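Listed below are the residues making up each chain.
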Amino acid sequence: MLLQLNNISKWVHSGGQKVFLLKDINFWVHEGDFISIMGPSGSGKSTLLNIIGMLDGFDEGEYSFLEESVHRLKEKHRANLYKQYIGFVFQSYHLLDELTVKENLEMPLLYKKIGGSERKALVADMLDRFNIVGKKDLFPSQLSGGQQQLVGIARALIASPKLILADEPTGNLNSKQGEEIMEIFKQLNNEGVTIIQVTHSEKNTAYGSRIINLLDGSIV
Amino acid sequence: MIRNYFKIIWRNTIREKQFTFLNILGLTIGITSCFIIGLYVYNEVTYDTSHEKGDRIYRINQSYIWGDWNDQYAATGPNVAVALKADAPEFEKVTRMLSIGSQNMRNKSATENTNIFKEEGYFLAEENFFEVFSFEFIKGDPKTALKEPMSLAITQETASRYFGNEDPMGKPLEVRKSDGTWDTFTVTAVLADVPENSHIQFDILGSLSTIQKKLQNQNWLWAWTGFGTYGLVKEGTDVENLTNKIQAIPPKWAARTTERLFSQPYEEFTDGKEWKLYLQPLKEIYLSDTPNEHAFGPNGNPQFVKLFSAIGILILFLCSINFMNLSTARSSKRSKEVGIRKVLGSDRNRLIKQFVLESTLFVAASTLLAIILTQLSLRGFNAIADKELSFIPLLMNPICIGIIILFIFILGIAAGSYPAFYLSSFQPIETLKGKVTSVFKGKNLRNGLVVFQFTISIALIICAFFVQKQLAYTSSLDLGLIKDNVLQIHNIEQLGDRAETLKAKLEANPAFTHVGKSYGIPPNVWSGDKYRAFGPENPAIHFTDVRTEGDFLDVLGLTFIEGRNFDPDRIADKYGVVLNKEAVKVLGWGKRDAYAADSPVGKFVAMTNESADKMEVLGIVEDFNFSTTKEKIGPLVILHQDNDKVWNYGRGRTFLAARLDPKGVENSRNLQTLIEGIEKEMAQIDPSILFEYSFMDQEFEKTFKSEQRMAKVLNIFTVLALIIACLGLFGLAAFSAERRIKELGIRKVLGAKVFELALLFSSEFTKLVMISILLASPIAYLLVNEWLKDFAYRTPIDIWVFLIAAICAIAITLLTVSMQTLKAAMTNPVDNLRTE
Numbered sequence: 003m004l005l006q007l008n009n010i011s012k013w014v015h016s017g018g019q020k021v022f023l024l025k026d027i028n029f030w031v032h033e034g035d036f037i038s039i040m041g042p043s044g045s046g047k048s049t050l051l052n053i054i055g056m057l058d059g060f061d062e063g064e065y066s067f068l069e070e071s072v073h074r075l076k077e078k079h080r081a082n083l084y085k086q087y088i089g090f091v092f093q094s095y096h097l098l099d100e101l102t103v104k105e106n107l108e109m110p111l112l113y114k115k116i117g118g119s120e121r122k123a124l125v126a127d128m129l130d131r132f133n134i135v136g137k138k139d140l141f142p143s144q145l146s147g148g149q150q151q152l153v154g155i156a157r158a159l160i161a162s163p164k165l166i167l168a169d170e171p172t173g174n175l176n177s178k179q180g181e182e183i184m185e186i187f188k189q190l191n192n193e194g195v196t197i198i199q200v201t202h203s204e205k206n207t208a209y210g211s212r213i214i215n216l217l218d219g220s221i222v
Numbered sequence: 043m044i045r046n047y048f049k050i051i052w053r054n055t056i057r058e059k060q061f062t063f064l065n066i067l068g069l070t071i072g073i074t075s076c077f078i079i080g081l082y083v084y085n086e087v088t089y090d091t092s093h094e095k096g097d098r099i100y101r102i103n104q105s106y107i108w109g110d111w112n113d114q115y116a117a118t119g120p121n122v123a124v125a126l127k128a129d130a131p132e133f134e135k136v137t138r139m140l141s142i143g144s145q146n147m148r149n150k151s152a153t154e155n156t157n158i159f160k161e162e163g164y165f166l167a168e169e170n171f172f173e174v175f176s177f178e179f180i181k182g183d184p185k186t187a188l189k190e191p192m193s194l195a196i197t198q199e200t201a202s203r204y205f206g207n208e209d210p211m212g213k214p215l216e217v218r219k220s221d222g223t224w225d226t227f228t229v230t231a232v233l234a235d236v237p238e239n240s241h242i243q244f245d246i247l248g249s250l251s252t253i254q255k256k257l258q259n260q261n262w263l264w265a266w267t268g269f270g271t272y273g274l275v276k277e278g279t280d281v282e283n284l285t286n287k288i289q290a291i292p293p294k295w296a297a298r299t300t301e302r303l304f305s306q307p308y309e310e311f312t313d314g315k316e317w318k319l320y321l322q323p324l325k326e327i328y329l330s331d332t333p334n335e336h337a338f339g340p341n342g343n344p345q346f347v348k349l350f351s352a353i354g355i356l357i358l359f360l361c362s363i364n365f366m367n368l369s370t371a372r373s374s375k376r377s378k379e380v381g382i383r384k385v386l387g388s389d390r391n392r393l394i395k396q397f398v399l400e401s402t403l404f405v406a407a408s409t410l411l412a413i414i415l416t417q418l419s420l421r422g423f424n425a426i427a428d429k430e431l432s433f434i435p436l437l438m439n440p441i442c443i444g445i446i447i448l449f450i451f452i453l454g455i456a457a458g459s460y461p462a463f464y465l466s467s468f469q470p471i472e473t474l475k476g477k478v479t480s481v482f483k484g485k486n487l488r489n490g491l492v493v494f495q496f497t498i499s500i501a502l503i504i505c506a507f508f509v510q511k512q513l514a515y516t517s518s519l520d521l522g523l524i525k526d527n528v529l530q531i532h533n534i535e536q537l538g539d540r541a542e543t544l545k546a547k548l549e550a551n552p553a554f555t556h557v558g559k560s561y562g563i564p565p566n567v568w569s570g571d572k573y574r575a576f577g578p579e580n581p582a583i584h585f586t587d588v589r590t591e592g593d594f595l596d597v598l599g600l601t602f603i604e605g606r607n608f609d610p611d612r613i614a615d616k617y618g619v620v621l622n623k624e625a626v627k628v629l630g631w632g633k634r635d636a637y638a639a640d641s642p643v644g645k646f647v648a649m650t651n652e653s654a655d656k657m658e659v660l661g662i663v664e665d666f667n668f669s670t671t672k673e674k675i676g677p678l679v680i681l682h683q684d685n686d687k688v689w690n691y692g693r694g695r696t697f698l699a700a701r702l703d704p705k706g707v708e709n710s711r712n713l714q715t716l717i718e719g720i721e722k723e724m725a726q727i728d729p730s731i732l733f734e735y736s737f738m739d740q741e742f743e744k745t746f747k748s749e750q751r752m753a754k755v756l757n758i759f760t761v762l763a764l765i766i767a768c769l770g771l772f773g774l775a776a777f778s779a780e781r782r783i784k785e786l787g788i789r790k791v792l793g794a795k796v797f798e799l800a801l802l803f804s805s806e807f808t809k810l811v812m813i814s815i816l817l818a819s820p821i822a823y824l825l826v827n828e829w830l831k832d833f834a835y836r837t838p839i840d841i842w843v844f845l846i847a848a849i850c851a852i853a854i855t856l857l858t859v860s861m862q863t864l865k866a867a868m869t870n871p872v873d874n875l876r877t878e
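If you read the protein sequences in the order shown, they are chains G and V. The first sequence begins at 3 in our numbering and counts up one residue at a time. The second sequence begins at 43 in our numbering and counts up one residue at a time.
Everything labelled a hint here was simulated from the structure, so no lab data went into it. Note that this is a predicted model, so its numbers are computed, not measured. One or more of the hints may lead you astray.
Taking lysine-lysine and the BS3-like style, the derived pairs with C-alpha atoms no more than 27 Å apart in a straight line are [claimed, not checked]:
no. : chain 1 : residue 1 : chain 2 : residue 2
1   : V       : Lys256    : G       : Lys138
2   : G       : Lys78     : V       : Lys378
3   : V       : Lys375    : V       : Lys59
4   : V       : Lys395    : G       : Lys76
5   : G       : Lys122    : V       : Lys59
6   : G       : Lys115    : V       : Lys59
7   : V       : Lys49     : G       : Lys138
8   : G       : Lys115    : V       : Lys49
Partner residues are not named here, just some residues of chain V that face chain G (Cβ under 7 Å, in silico) [claimed, not checked]:
no. : residue
9   : Ile44
10  : Asn46
11  : Ile50
12  : Arg53
13  : Asn54
14  : Val347
15  : Leu349
16  : Ala352
17  : Ile382
18  : Leu386
19  : Gly387
20  : Glu472
21  : Leu474
The following residues of chain G were derived to be distant from chain V, with all beta-carbon distances above 10 Å [said to hold, decoys possible]:
no. : residue
22  : Lys25
23  : Phe90
24  : Met109
25  : Pro110
26  : Leu124
For every residue, glycine included, the Cβ atom is placed at its ideal position computed from N, Cα and C.
Construct the complete structure from the given sequences, taking the supplied hints into account.
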């Protein structure tokens, strides 16, 4: 078991009333899963993904990640945990505009305090693996959307996480680029990386092994 | 990691050119101002710090016995030093300087008379002067240089003036005496030029023993207040005790002076007031408030130092605020970076470090630019402020470099900490989702900072306005005399009796309407003495007096309200006096409306109770400004030039004043020819006399030299502060334009006109500036009111000045934000709305 959510709820107060963003979510992920979270806008997909990624908190329930109780951890430990095991891929890529492809890839390693030569090797590896060696000195704005997302995935992958969280990774791409990205996810999954994606597209869910449907904050 | 920070900072810097430019420009201007002000203040507060025994040197001041006894007076009579040597063994040495006015000198060996120079920096000093003060010697022995009579210690510059490259040691130099003959002195020492930051500024020091005979006769005097007395106390002396102890000296030693000179016992002379002696530490002399002047060199203005220190710190504040404002305003752009970094594993501390590093680098770059800019603008500043500041020698000093590095870090951290904490506090999900609601939280603070900046700038603008207004007001005051077109010819005392010859020649010249001789000329009438309405029961009061002749009063164009002017045909007039209205009032003879019933004309004034000494009042003139217009007009006694009942201290300088007929000198070339003509006439009478002239209106202007200088410097820094504030406003407007572009787009789609949008957008900023105006006005009012207290004649604090400042501020605001306004109002809404 990679992670498990038990009775997770999250709410906000609006106009004096409790409005549930997530309600009684029970959910587990095994290593090697490829899960797609689906649902209409506002159903809580992204909130759920952020909670799994430890970027967001929750108001009720329990969350254990690799046998650790996330809700009991202090901020710093939690950060260490996701730094080590989780990689993020975003719909709008979120590369740092001021850094080149190579430097963007290097960034997570810097925060993990990995030494210079090892960093170089890992970055070279990734560039190679995603066939973007020729683009290593370009800035994000010089790349197409698909290429930027490729860099985004490479960056998520570089610190060898167990889990990749992808929030609509193909949302900003055309269908051909989208397919390419999904193929890469499929391949990564085959290599043993656990993937959770949020998606609107039925077609994308086909790459996954399990689908979770959300509606108004609850799993249906 | 650090390399990564540098990289991202560098690339941000390059990418966001406008932001970088505004930030660096603002910081550079601010730091440059701060450096220049810092140099100025450093220079002012480090006067007289180079004397070896400086911390044991004290100047002896006394109560200002010629005026307000609560003030301190930097000059003493010759007896103070004598008394201290006798009664206060705590002094290791006591030394005196004597100011005897400027002297005309020449190198005896030079045969031509043209080689005469007027030496303004000529003083006499006692033998042990150089054992107290450590002025640098190039040649000669400090112990003996001023021992023998007729010795001169001269500075290097003076030496080259008279002797060129020759060795001046042992050579003769001649000083002109009042009767036209020359005294021969010998050069006994050559000194390095006196450093600029010394309150004693001399070119030549003669030995005090030169006037040995006079000194021996008058060494008991406390009234010959031309001396500066300095004491070197023994090591370990308790100065407070010593000060208490020497208070016993005036009653004991000055009584002889009051009795013999003023025919009053000490108690009657002091009349319950305390005749005190003060010990003023050497380092405090230059910037002292009381006494605020002395005869041997410059006295600084502690108010200016405080004012400029305050302005320097404020400007530094302004530019730090700018930096914070611009940095946080850019946060919508930076927030994404913060979010990504946090998601990729950065904690808050690292982000804070990154942002502080960034601001420190900005400050460091600006500081480097500021150092260059300071060096470039220093010469201009020196010209305006009449200073000789230099930056490069300080830059070579490791302590100074240390301070600058410390300054960079402190300012970098101060300016960077708020943006750092603010930016690093963003929640990653919100920033990455584009829901940067938290970004707007700083809005009130940013607005507050802009209000603060503009409050300071507007207050400075109002103050600068009033300073100008006051200066214009004082120069247009009705002085009671006609100051324009009065030519003053100096050094007339050296002509002796032949002055009349020159006067007759001038009178014959149709270019002049009046010509008169005088021993003092407004606004430089300073001398004074104690006079009373004749009669033993009447109190002696300090009056200003001036020795002159009737013709001079005609030159000034004074108005007689009672009686008459001196009449050269009546011999008895030489013991007559003319009083001003204020003098009549002070003597107790009533105000003007009382004259008709009991005319003061025909009454007597006197210095003593002897009836032989009484002097008849011939006439009363309307009050006129005979000294600075900073003070109210005091009582004035106008004496006849030949009056020998009043002791004249060596008669002093004499002038011929001539009123020009404006028709006769229509252009400056005419004037030039006229003056050259007079020079020739004077040379015909005696070619060895230096020809010097001045104009009375210019002399009046000069009395406001330091205020004018201050006004100029204040104007410069006001403009700089305003520029910095505008940069901040510009940045804020750019940010706001970016933020509100969608709102404005929607309004436009709904039918708003460009004009309405522009108004809507700029009102956000005019509102802030209006608040600043409201805050700045009372602050400026208080400051101006305080400053004006120093003046006897004050310009009214008119409301229209505040209105003009307000209008200026709003106009500047609109101009500053206009570019952003137009950009925001004119863009096609489709472009903006589509991006969402």
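Here is what the structure says about each hint:
1. With a C-alpha separation of about 95 Å, the suggested pair lysine 256(V) and lysine 138(G) falls outside the 27 Å cut-off, and the hint is violated.
2. With a C-alpha separation of about 21 Å, the suggested pair lysine 78(G) and lysine 378(V) falls inside the 27 Å cut-off, and the hint holds.
3. For the given pair, lysine 375(V) sits about 14 Å from lysine 59(V) by alpha-carbon distance, which is consistent with the 27 Å threshold.
4. Between lysine 395(V) and lysine 76(G) the alpha-carbon distance is near 22 Å, which keeps this suggested pair within the 27 Å criterion.
5. Pair hint lysine 122(G) plus lysine 59(V) does not hold up; C-alpha atoms about 31 Å apart against a cutoff of 27 Å.
6. Between the alpha carbons of lysine 115(G) and lysine 59(V) the distance comes to roughly 32 Å, so the proposed pair goes past 27 Å and is violated.
7. Restraint check: the Cα-Cα separation between lysine 49(V) and lysine 138(G) comes to about 16 Å, which is no more than 27 Å; the hinted pair holds.
8. A hinted pair counts as satisfied when its Cα atoms are at most 27 Å apart, and lysine 115(G) with lysine 49(V) qualifies at roughly 18 Å.
9. Interface hint status for isoleucine 44(V): violated, as the beta-carbon distance to the closest one in chain G is roughly 10 Å, over 7 Å.
10. Checking asparagine 46(V) against chain G by beta carbon gives a least distance of about 6 Å; that is within 7 Å, so the hint holds.
11. A hinted interface residue such as isoleucine 50(V) counts as satisfied when its beta carbon comes closer than 7 Å to some beta carbon of chain G; here the least separation is about 5 Å, so the hint holds.
12. Interface restraint check: arginine 53(V) against chain G, minimum CB-CB distance 4 Å, threshold 7 Å, status holds.
13. A least Cβ separation of about 6 Å between asparagine 54(V) and chain G falls short of the 7 Å threshold, and the interface hint therefore holds.
14. Of the supplied interface hints, the one on valine 347(V) is violated, with its beta-carbon coming no nearer than about 46 Å to a beta-carbon of chain G, more than 7 Å.
15. Given the 7 Å rule on beta carbons, the hint for leucine 349(V) is violated: about 44 Å separates it from the nearest Cβ of chain G.
16. For alanine 352(V), the interface hint is violated, since its Cβ never comes within 7 Å of a Cβ in chain G; the closest pair sits about 40 Å apart.
17. A distance limit of 7 Å between C-beta atoms decides the matter here; for isoleucine 382(V) the minimum to chain G is near 5 Å, and the interface restraint holds.
18. Using the Cβ-Cβ criterion of 7 Å, the hint placing leucine 386(V) at the interface with chain G is satisfied: the shortest such distance is roughly 5 Å.
19. The interface hint given for glycine 387(V) holds, since its Cβ lies 4 Å from the closest Cβ of chain G, which is under the 7 Å cut-off.
20. Given the 7 Å rule on beta carbons, the hint for glutamate 472(V) is violated: about 10 Å separates it from the nearest Cβ of chain G.
21. Of the supplied interface hints, the one on leucine 474(V) holds, with its beta-carbon coming within about 6 Å of a beta-carbon of chain G, less than 7 Å.
22. Every CB of chain V lies more than 10 Å from the CB of lysine 25(G), the least distance being 19 Å, so the non-interface label holds.
23. The Cβ of phenylalanine 90(G) sits about 5 Å from the closest Cβ of chain V, inside the 10 Å cut-off, so the non-interface label is violated.
24. Once the 10 Å rule is applied to beta carbons, methionine 109(G) is inconsistent with being away from chain V; the minimum gap is 5 Å.
25. Its beta-carbon lying about 5 Å from the closest one in chain V, proline 110(G) breaks the requirement of being farther than 10 Å from that chain.
26. Here leucine 124(G) stays apart from chain V, with its beta-carbon at least about 14 Å from theirs, past the 10 Å limit.
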